[in-house]
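Novice: Model the full assembly from the supplied sequences, consistent with the hints where possible.
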Amino acid sequence: MTRDEILSVFSTQPESVPEYEIVPIFHKENGGYHARKVRSYSTQIQLRAFNQNITLYLEPTDHVLLGENTPVYTTHKDDSRPLGIKYTLLQDAWHDDIRTYQDPMNQAAVTLHREPNGNFNVDGTIGDNMVIKSLPSRIQKVFPSHFPESMSGFKNQPNSLFYNNEKATQHVVYKPNIHPVIDIIGNIKKTGEALWNNLFDFRRNSNRFKRTIFDTVYPQILVIVDYETYKAHGKNIKALTKYMAAFWNGVDLRYRGMSDPKVRLNIAGLIIPKEEGAAPYMEKYRRGNKLIEDRKTLEALGRYLYKENRFSSDMFDIAVAITNLNMCMIKSDGCDPSARGLGYYGGACKHNVHNADLSTAFLEDSGGFNGIATAAHEIGHVLGAPHDGEDSLSYIGGPGAKHCNWNDGYLMSSIRRNSRGLHWSSCSIEAMRHFLKKEAYCLRNKPVVLNPYKKILPGKLISRDEQCWRTLNMVECSITKNECGALWCVKPDGLSNCVSKGAPAEGSPCGNGNICLDGYCVMEPKELISTNY
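full-length UniProt numbering numbers the first residue of the sequence shown as 1 and each following residue consecutively.
FYI, nobody ran anything at the bench for these hints, they're computed from the structure.
Any given hint could be a false lead.
Stated by the list, open to error - With a cut-off of at most 16 Å between alpha-carbon atoms, the simulated EDC-like pairs for lysine to aspartate or glutamate come out as follows:
(1) K235 - E5
(2) K446 - D215
(3) K141 - E5
(4) K77 - E276
(5) K235 - E275
(6) K296 - E283
(7) K290 - E228
(8) K242 - E68
(9) K262 - E430
(10) K238 - E5
(11) K437 - D260
(12) K235 - E276
(13) K242 - D92
(14) K446 - D62
(15) K242 - E115
(16) K481 - E466
(17) K491 - E466
(18) K231 - E283
(19) K86 - E308
(20) K402 - E430
Specialist: This is the structure we're talking about:
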């Protein structure tokens with residue numbers, strides 16, 4: 001690859017490229033794909049990377065995250081404009097045919113995009129330790145597009161794509177550089193809760209809004225990247241928006257396990273500085289060419305947003321700034337580059353506290369999706385979650401997280417070494433529930449996202465055979481295909497008894513054109529019937 005191609009794939013220079021493999025990815029679509037609009041359909045993809053056979057069953061997200069009307073602004077220096085910054089609203093900044101998909105079981109979050117030459121591109125993450133990136137067209141032509149014999153292990157899987165495809169699209173799969181997270185809340189607590197309460201007294205706002213019953217909150221995120229991030233994506237707006245769509249799809253996936261209330265993220269807008277000095281609050285506290293101070297930059301961001309009248313508090317709920325530099329924490333012997341993110345604890349909806357906007361977070365991302373867990377972690381702080389093992393602060397109240405162990409390695413710890421690091425501890429869930437029901441009044445309005453697409457029941461995404469295979473490496477028992485109370489599975493050779501691990505997914509077929517809903521085999525309700533399936 002050329003240096004520019006390496007930058008477009010890895011968002012880094014050749015000397016910093018992580019461990020990677022170039023692999024073919026096969027896909028199968030239900031429904032059609034049209035030039036400018038993807039109909040709502042399920043997609044199955046298969047690949048082999050790092051000695052693993054991987055099958056993803058992708059379902060469309062519920063169309064809250066972003067849409068055609070999600071604004072993208074570029075900024076330039078201009079002393080004649082307010083605060084010395086000129087904003088330009090871009091037209092058609094997002095790829096028209098990029099769509100976001102998730103596979104919660106595999107903790108996969110990806111975007112899908114069809115290129116004019118017919119290549120089907122996948123970009124995103126699988127869990128915390130694998131990144132998929134599409135290749136430049138020139139590189140795709142270099143590699144063969146057949147299904148390699150190394151993937152023959154897929155042959156015996158239900159609905160394998162081994163026999164159903166003649167062509168694959170080549171992709172890079174690599175392992176991101178994941179670093180531990182050190183953030184502002186742990187450091188501030190060392191200085192004493194009294195200092196924090198004196199500086200940021202939120203309690204005056206706590207009774208302004210009555211508690212109401214609601215089942216979903218919609219944190220609207222204003223995303224601000226620095227100039228270094230823009231450069232890391234080749235100064236290419238389309239490449240950066242494509243990356244951001246996949247990045248925030250991954251963050252949103254981390255919140256899909258929340259309920260009572262559900263949490264659905266929305267990108268309220270994206271701000272991209274196109275030259276140095278076009279985001280001064282992100283540059284003032286740089287230390288040399290590679291470091292930037294964490295706490296001072298977060299504070300500068302909050303002061304800037306408080307003064308910036310062009311983005312009212314009604315436009316966004318939380319602002320998240322992303323840097324491609326190494327964040328560092330001031331200590332007596334210098335600036336320690338081990339910090340990765342900061343967020344104001346309980347800051348959601350606090351847009352005017354002592355002349356600052358505290359609904360803010362600041363994090364580092366190298367362009368390889370390694371900031372996804374950090375973003376989820378810092379937004380968790382803003383939504384009222386302390387670190388596992390710590391009490392809540394007095395102005396937030398609630399259960400805190402004292403009863404959950406930091407070393408268990410959930411999202412609100414920095415020790416994320418296994419699949420627990422993709423999920424919330426029970427303490428984090430309860431702490432956020434307390435905050436969202438008591439404080440987060442601004443998160444309850446559902447954003448308007450243009451170009452919505454129909455939802456799809458999970459049983460329409462994954463066949464009954466596939467459900468058995470994913471759960472037990474089995475296929476469905478032939479004598480129980482119409483049952484909805486339980487999904488019975490058997491080994492492919494038929495030499496074992498049928499076993500069940502639960503009911504079939506909602507929407508699974510159960511004979512005569514009916515589907516399973518709430519454990520019963522019923523006619524499909526009219527409101528669920530769609531030619532888009």
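Novice: All hints are to be evaluated individually against the structure, with a verdict given for each.
Specialist: So, going through the hints one by one against the coordinates:
| no. | hint | in the structure |
| --- | --- | --- |
| 1 | K235 - E5 | holds (13 Å) |
| 2 | K446 - D215 | holds (11 Å) |
| 3 | K141 - E5 | holds (14 Å) |
| 4 | K77 - E276 | holds (8 Å) |
| 5 | K235 - E275 | holds (10 Å) |
| 6 | K296 - E283 | holds (11 Å) |
| 7 | K290 - E228 | holds (10 Å) |
| 8 | K242 - E68 | holds (13 Å) |
| 9 | K262 - E430 | holds (13 Å) |
| 10 | K238 - E5 | holds (15 Å) |
| 11 | K437 - D260 | holds (9 Å) |
| 12 | K235 - E276 | holds (12 Å) |
| 13 | K242 - D92 | holds (12 Å) |
| 14 | K446 - D62 | holds (12 Å) |
| 15 | K242 - E115 | holds (13 Å) |
| 16 | K481 - E466 | holds (13 Å) |
| 17 | K491 - E466 | holds (13 Å) |
| 18 | K231 - E283 | holds (14 Å) |
| 19 | K86 - E308 | holds (12 Å) |
| 20 | K402 - E430 | holds (12 Å) |
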